[in-house]
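Each protein sequence line maps, in turn, to chains D and P. At position 21 of the first sequence the residue is numbered 21 (this note's numbering), and the sequence of numbers has no breaks. At position 16 of the second sequence the residue is numbered 132 (this note's numbering), and the sequence of numbers has no breaks.
Don't read these hints as lab results, they were simulated from the structure. Ideal Cβ placement from N, Cα and C applies to all residues, glycine included. A hint or two may mislead.
Pairs of lysine-lysine residues, derived as DSS-like cross-links and limited to a Cα-Cα distance of at most 25 angstroms, are as follows [as the list claims (entries may be wrong)]:
id	chain 1	residue 1	chain 2	residue 2
1	P	189	D	42
2	P	194	D	41
3	P	229	D	42
4	P	194	D	42
5	P	229	D	41
6	D	66	D	20
7	D	66	D	42
Here are some of the chain P residues that sit facing chain D, going by a computed Cβ distance under 7 angstroms [stated by the list, open to error]:
id	residue
8	149
9	159
10	160
11	161
12	166
13	211
14	216
15	218
16	220
17	222
18	223
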Amino acid sequence: GAVVSQHPSRVICKSGTSVKIECRSLDFQATTMFWYRQFPKKSLMLMATSNEGSKATYEQGVEKDKFLINHASLTLSTLTVTSAHPEDSSFYICSAREDRGQETQYFGPGTRLLVL
Amino acid sequence: AQTVTQSQPEMSVQEAETVTLSCTYDTSESNYYLFWYKQPPSRQMILVIRQEAYKQQNATENRFSVNFQKAAKSFSLKISDSQLGDTAMYFCAFTQYNNNDMRFGAGTRLTVKP
Chain D
1 GAVVSQHPSR VICKSGTSVK IECRSLDFQA TTMFWYRQFP KKSLMLMATS NEGSKATYEQ
61 GVEKDKFLIN HASLTLSTLT VTSAHPEDSS FYICSAREDR GQETQYFGPG TRLLVL
Chain P
117 AQTVTQSQPE MSVQEAETVT LSCTYDTSES NYYLFWYKQP PSRQMILVIR QEAYKQQNAT
177 ENRFSVNFQK AAKSFSLKIS DSQLGDTAMY FCAFTQYNNN DMRFGAGTRL TVKP
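Chain P with its partners taken away, still in its complex shape (with noise of 0.2 angstroms):
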């Protein structure tokens, strides 16, 4: 069964500064999507940024981006210059390429402080 860790229960982080939430999981297959979600205190889980394995290059959205590395399992989100709207849950989630299940791990709290 695919599993999805997130080891860090809490961080937090400067205004304007960056950060790097991370996140690791287990699986035997090759092809597979990982993402990760954003949760704010309205509790709405918004899409932050997605990355499909068989991808070598890593994904970026604007401050956000990500490292994808393959063999090792392992998928960080890093956010550079950090804005107080960056405060929020963070969820790493790993799904299968044509599977239903989404695993999520068990989040990151994430504070910007001014």
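So that you can see chain D by itself, here it is in the shape it has in the complex (with noise of 0.2 angstroms):
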């Protein structure tokens, strides 16, 4: 169980575009959702808390203009990056937390943006 699925797991796109990377918790209701970015050989950085039918919630420094939340259903929460530039190459990670409590955030395999 708790299962987290994350599509696509790389994406390769042109300077200037938008990319929207899928977050969908398989096996469990998860009203919070979270976006990290992870440097290479660093820890996770949180950008994002993401809540079903509301505003998602950005930590400082990151534009939320650019980097847009969506949390539609109780299973699924969508990160687009807007007019992509090649300092967001990154990889970026979701993770659920289950509505049952206990605080534990399962995490999605991550993607790998590449803004060329």
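From the two separate chains plus the hints, produce the assembled complex.
Here is the structure:
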């Protein structure tokens, strides 16, 4: 149980285009999902907290107009990187927290974004 | 603010041996959860073990166990009978009860040698 999928696993795009990443909790409901960014050989950096039916909460320094988050259902959150630039190239990981509590986050397999 | 410190950037262990990864944290809260996550080369984050702060008994999951010292704010992970598949980055993480924030340590890269 507690499986989180993330799609796509890898994407290459041109500078200026937008990219959408999907995060799904496959076998549990998740009112709250999280989006992280991970630089090579570094720890996870929380970008935003996604709440079903309400606006996402962004961490300081994360541009909400650039990283659009939509949490339309209890099993799906999307992150759209708008007008991507090469500095947005990174590994993006989502996680979902079970609604039943215990505060455990289950992670998706990540998306490697390369902006040319 | 809560902080999580992993003071060992890299460690190695021989196959079948035991290794302990260290983690300390700082908080003024009494209700919280602690976690160890494993990130192998595939980069998929995998939950290894979880500890609730109100439980005095140390959590155990097969070959993985923790030494939770609440007063010392220490949460070490012991891996027994190390296997090659244990080679990964290990992250210690902390979250308060009923709080969205999960704080991660910088990670410890563990290599299991044959």
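To see whether the hints hold, each was checked on the structure:
Pair hint residue 189/P plus residue 42/D holds up; C-alpha atoms about 23 angstroms apart against a cutoff of 25 angstroms. Between the alpha carbons of residue 194/P and residue 41/D the distance comes to roughly 22 angstroms, so the proposed pair stays at or under 25 angstroms and holds. Only pairs whose Cα atoms come within 25 angstroms are accepted, and residue 229/P paired with residue 42/D is accepted, the gap being roughly 23 angstroms. Proximity of residue 194/P to residue 42/D is assessed by CA-CA distance (about 22 angstroms); at most 25 angstroms being required, the pair is judged to hold.
Restraint check for residue 229/P and residue 41/D: the C-alpha separation of about 20 angstroms stays at or below 25 angstroms, so the hint holds. At roughly 12 angstroms between alpha-carbon atoms, residue 66/D and residue 20/D fall within 25 angstroms of each other, so this suggested pair holds. Of the pairs offered as hints, the one joining residue 66/D and residue 42/D holds, with about 22 angstroms between alpha carbons and a cut-off of 25 angstroms not exceeded. Hint on residue 149/P holds. Least Cβ distance to chain D is approximately 5 angstroms, under the 7 angstroms limit.
Proximity of residue 159/P to chain D holds as hinted, the smallest CB-CB distance being about 5 angstroms (cut-off 7 angstroms). For residue 160/P, the suggested interface contact is upheld, since its CB lies about 5 angstroms from the closest CB of chain D, less than 7 angstroms. Taking 7 angstroms as the C-beta cut-off, the interface hint given for residue 161/P holds, the closest approach to chain D being about 4 angstroms. At its closest, the beta carbon of residue 166/P sits 6 angstroms from a beta carbon of chain D; the interface hint therefore holds under the 7 angstroms criterion.
Interface restraint check: residue 211/P against chain D, minimum CB-CB distance 5 angstroms, threshold 7 angstroms, status holds. Checking residue 216/P against chain D: minimum C-beta separation of about 5 angstroms stays under 7 angstroms; hint holds. Interface restraint check: residue 218/P against chain D, minimum CB-CB distance 6 angstroms, threshold 7 angstroms, status holds. Because the smallest distance between the Cβ of residue 220/P and any Cβ of chain D comes to about 5 angstroms, under 7 angstroms, the interface hint for this residue holds.
Because the smallest distance between the Cβ of residue 222/P and any Cβ of chain D comes to about 5 angstroms, under 7 angstroms, the interface hint for this residue holds. A distance limit of 7 angstroms between C-beta atoms decides the matter here; for residue 223/P the minimum to chain D is near 5 angstroms, and the interface restraint holds.
Checked against the numbered hints above, the structure violates none of them.
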